[in-house]
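Protein chains in written order, with my numbering: chain A, 926 to 1302; chain B, 926 to 1302; chain C, 926 to 1302; chain D, 926 to 1302.
None of these hints come from the bench; they were simulated from the model. Where is the CB? At the ideal position from N, CA and C, for every residue including glycine. Relax, there's no trap hidden among the hints.
Derived Cβ-Cβ restraints for the label pairs, each shown as a range:
(1) B:Lys1046 x C:Glu990: 55 to 63 Å
(2) D:Lys976 x C:Ile1238: 50 to 58 Å
(3) B:Ala1075 x D:Gly1077: 37 to 45 Å
(4) D:Asp987 x B:Gly1214: 56 to 64 Å
(5) A:Pro1211 x C:Gly1136: 30 to 38 Å
(6) D:Ala1231 x C:Ala1075: 48 to 56 Å
(7) C:Arg1264 x B:Asp1110: 40 to 48 Å
There are 4 protein chains.
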Amino acid sequence: MRKLNWGLVGGGEGSQIGPAHRLGAVIDGHYAMVAGALDHRAEAGRAFGRKLGLAPDRSYGDWREMLASERDRDEPLDLVTIATPNATHYEIARPFLEAGFNVLCEKPMTMSVEEAEEIVKLIGDDGPICAVNYGYSGYALVRHMRAMVARGDLGRIRLIVAEFAHGHHADAADADNPRVRWRYDPAQAGISAQFADCGIHAMHMACFVTGQEVDRLSADTVSLIECRALEDDAMVNFRMEGGTVGRLWTSSVAIGRQHGFDLQVFGETGGLRWASEQPNQLIYTPVGGRTQVIEKGEGGLSEEAARLSRVAIAHPEGFPMAVANIYVDLADAIRGAARDGLPTSADGVRSMAAVFAAVESAKSGGAWVDARPPMFR
Amino acid sequence: MRKLNWGLVGGGEGSQIGPAHRLGAVIDGHYAMVAGALDHRAEAGRAFGRKLGLAPDRSYGDWREMLASERDRDEPLDLVTIATPNATHYEIARPFLEAGFNVLCEKPMTMSVEEAEEIVKLIGDDGPICAVNYGYSGYALVRHMRAMVARGDLGRIRLIVAEFAHGHHADAADADNPRVRWRYDPAQAGISAQFADCGIHAMHMACFVTGQEVDRLSADTVSLIECRALEDDAMVNFRMEGGTVGRLWTSSVAIGRQHGFDLQVFGETGGLRWASEQPNQLIYTPVGGRTQVIEKGEGGLSEEAARLSRVAIAHPEGFPMAVANIYVDLADAIRGAARDGLPTSADGVRSMAAVFAAVESAKSGGAWVDARPPMFR
Amino acid sequence: MRKLNWGLVGGGEGSQIGPAHRLGAVIDGHYAMVAGALDHRAEAGRAFGRKLGLAPDRSYGDWREMLASERDRDEPLDLVTIATPNATHYEIARPFLEAGFNVLCEKPMTMSVEEAEEIVKLIGDDGPICAVNYGYSGYALVRHMRAMVARGDLGRIRLIVAEFAHGHHADAADADNPRVRWRYDPAQAGISAQFADCGIHAMHMACFVTGQEVDRLSADTVSLIECRALEDDAMVNFRMEGGTVGRLWTSSVAIGRQHGFDLQVFGETGGLRWASEQPNQLIYTPVGGRTQVIEKGEGGLSEEAARLSRVAIAHPEGFPMAVANIYVDLADAIRGAARDGLPTSADGVRSMAAVFAAVESAKSGGAWVDARPPMFR
Amino acid sequence: MRKLNWGLVGGGEGSQIGPAHRLGAVIDGHYAMVAGALDHRAEAGRAFGRKLGLAPDRSYGDWREMLASERDRDEPLDLVTIATPNATHYEIARPFLEAGFNVLCEKPMTMSVEEAEEIVKLIGDDGPICAVNYGYSGYALVRHMRAMVARGDLGRIRLIVAEFAHGHHADAADADNPRVRWRYDPAQAGISAQFADCGIHAMHMACFVTGQEVDRLSADTVSLIECRALEDDAMVNFRMEGGTVGRLWTSSVAIGRQHGFDLQVFGETGGLRWASEQPNQLIYTPVGGRTQVIEKGEGGLSEEAARLSRVAIAHPEGFPMAVANIYVDLADAIRGAARDGLPTSADGVRSMAAVFAAVESAKSGGAWVDARPPMFR
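Okay, chain A solo, but in the shape it has when bound (with noise of 0.2 Å):
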């Protein structure tokens, strides 16, 4: 089988996430890093590509040198990943995909939810492939959530919470150094900052394990640190289209919390815990019964939880596995094998409706607001 050609546009030199694209895409043999357009300083970008192993003439100064050259050669990009900074995905995204380019593009997909729409219509049924990296829902035991969900082991699902709260913003001395400062900038970050950043993950995962879609939220969103246009904390309630009740906090001024993405779902007949900083792990109790430990690699575990796991039961997998997951998952659309989890520009989409929503709720002094993007009510 040969390897599927990727291109990364962003994720440079010191950037947070690029290692885990760079990581996740190679891991499993799928793909070669055969082009990048790795920095908006395109001097920076095209060293850091030869560094990387690019050939000189495929490590571009900029995405539309890249974009320009790769479409018209014989043997083009199978994928680009857009790892650039939030307000660019749209217009990077959009003339790759409209030039036939498969995309994976970081969240959030654009910075509205208009522009989220004509991705969609964009693609339409036979479009290229573009997904969206919710790379929480590739780890092997989202995966396993998500297929107890779907066989009924929890019953009908009354309840979700999830959290997603960090303390790396906490700091007022620290409000106006570069690397926080532009998350809470409108300018930069768009109408949200911790909600578009954190929340939209916690809010994916619910749909994604529940398999429904939010139908409606209220919103109470705040600026702990006042000098912030933008805000840092936030609660949504809201209500899925198959009756589930969902509760999601998110806060970036949570001292001691490092990476608090925690899930609890509760059905009928059982709840689960699963925590993102413990991913190996999830905590199931049947209703009546005691709460019992389900080990990633155990045996007995969902088709697509084995799937995805790489080693023995209780050697830890961490996050750029859960990224490379969705990466096989792309290999497999790629090649023709539609994968039923992986997260698309339908998700991307959705996130920005209730991006809006929430904070239309909010300023209406918590009113409900319905979250769905205008084409799918």
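Fit chains B, C and D to the known structure of chain A by using the hints.
Below, chains B, C and D alone, put in the same frame as chain A:
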């Protein structure tokens, strides 16, 4: 120092909360249990009283009988604890208070804000003591949290996130079990079930630890087992008078959670986590620093925490000791040395106001509602 | 049922173990504390006794005075607890027992195997009760472990791994602190320090849970703070009479461990883990199955565990409750209803034999040594 | 920088350790997998090689064929990994080393001390690299432990307590399963089973972290499933050359333990705990201070820990990343920049000496035995 005379109303054989009171009152030798009206079934109550060692003439069949008899004794009761079903707290507490007895009332203190305000007014500045059993506030490390906040270890408190989640009422097949059903029956439980039962513990704790009162709130309540007239799950966002933002989730259908009363406090310069299932450790993170574990009984804790620890570091102390600490403070108060942390009828009325505000808000689609009792506005 | 008369020798003001006894004895209403010789400094002891509410004529300056006075009273003490320094246990316990008093003695019961055997012989078949305070055996879930083993839930027990590690004597700069130094001084502590202090708790627990006695052992002991004449760290391998293999590590220089008394039991068909710092959960894994959490207070526990739980599931119960459970069983025994789990002088002599065997083995380079008391060979 | 050419012997389809090598080698882009003899069944090996993308002429049916072919190529292999059954390591590694290939050998490096010494001598001062895959030493926080010890954060190291306990061979009914049985068959496993399989990982780690070698040891080994000729449980006490005391327990019948490789290090001024199932946190307690949590990826970690972390703080990294770190260091070493932490054949021979010493000691009733290889005495 003579022992204080203690009487108990309710808490009969098989009662859930009775043992915590009987243990808590006697552990430290401050009280002798001398009277009781322990059961609404007169004969069962008398028999249980005698079994517990009460003199036959002080083992009553009815609280009215107990009140009538005890008010005329030469050595009257120093304290009467009321641990009867919620709907009877007010009708019992009020005449005991009017007769001049000090009272420790189980929560909720009353079934309405008006009744609660009457209790507060009745006591006034020079009436007997009316304490309310927010027993978790008795834990040594809860006192230490409060001391840390008071002395500024966390800076200004930005956010408090509380949850009290269990799954003991999650089985729909068990919803008609009388031990469960009454809790969701407005005739017996009042206008709120889970929030009034567990949520107000969490809300009291938020106030207790921050030293602030709740100003207004927005609530989302649901009955996840549909046949219930009252909520079994609630999310309450609130604002405190000192500006702290609060988020409080409570549930009785969270399968797998046993006694998930957890508190997170986030200030400008640090964060705290405490969980009632591991009450002897307090997790503290200074901003920009490492998470550390504060142990009950370690050297250098606040005076309150030291005073209320009984056995050496890492010898666990549990819930009966927390309740005992309420009794210790009450004994001091009865003997004239007022204790700052004692939960009083003022806390009781605030809880009732919060319950009614939450119900009103939820009915209004999450509108923000004044959560203060009228008398404190 | 009349209250039993209880007296305490030792456990003066500031004592570490005294509070656990005073709380444990009175919590359940079985005993009234009526006499005490609480301090080797006569006046301090009398004053503390009066402070605790003892009648002046039963608040003694000396245990001999107490013995002389109490043996002639009409209503003699039903139980005398001895919580004095280790080296005095035998000289105090013996005359009380000879005078017919029931005794609860702190461990170690004596300083030599010979003394311990004398106690056992003195009691014989019809003497008073001599219990030894292996307090951890009072925890409800420890009783449940024992019940699970006894009814065969784990099959034949292959292996038991125990540790009791703390770091409270790890600071060399603090080695001369009198509160620490005496423990490593042969004149006061006898031939063993850490193993005799903590290790025998773990060894007793191994016997208690398995229902087997220790047959032989091999020990490696070291003084990691070199100035010490006695060991501060020991590893003991042992074989039990029923064939179970044991491994026991104990240390007082394990910085970071607070009260690391943990037990693992491995049988043919299951394993158990229990940790004294989280005594209300028991971790159980059936062979080939998932790890599950047994909660104190859950439905369907063994009769012993249910009998010795006081408050509802997930309301933690701590060390004072474990000690109280020893007192509960003692009260039953004093009243004639023998309790199977009560640690007795037979356990005391076995512990002393193990201590001497461990010292002998360590001196012989780890040779395997008979660990049984001569009287039980 | 050109990619290094990598070949793999063993690690065929379904192998437990194969995936960790394949992932570990390619993750960081240092190596291209270009050759393999992946299975002792020639055709299966060739087919799996082709499936993994190897050229047909470098997908060998046998390691001898691979050696013969690769030694004559113009661009020979830069590294050969040997992941075959234990008994074959020596016979394969030796000829590859003699032919000048760098080798990464799975542990145990050989089946005897003599063979291991021959490997060390064969390499001498200027031979190829022979590394041994003590993969756990690649974890970033293990490197940080080592750095903390080296720079004196804990003072002199008094004690190291290691355990590697699992229960995956605990089912007697499963003892004849071929995947289990060979491990306890002297013909295939050599003179030791559990200690040689898991225990030496723990012993290597003790040496790795302290920077000391093991001087002598005393062992107690047992076959808790009686039909086994080799031990399934062992306790080893040891002394290190720098004076540190060691205690090491390993078991394969510890039902409920999944991958219980845990390390505790106790020095004069601090203690550390690390557990391989939660490899991204390191628990540190300074003497007299509070326990704190060191997070992989936090600011200010040692250079080694920072260099070997790939994704941001609290994004977990797992076992494949630890193995990848061994490959990173090997790549540096192959390119001439020797890495200090790389486990080498000297570690391999020390492990073999420890295995033989443990067996000898256990046979002699726990006598203390020199654990050093003759060549290092």
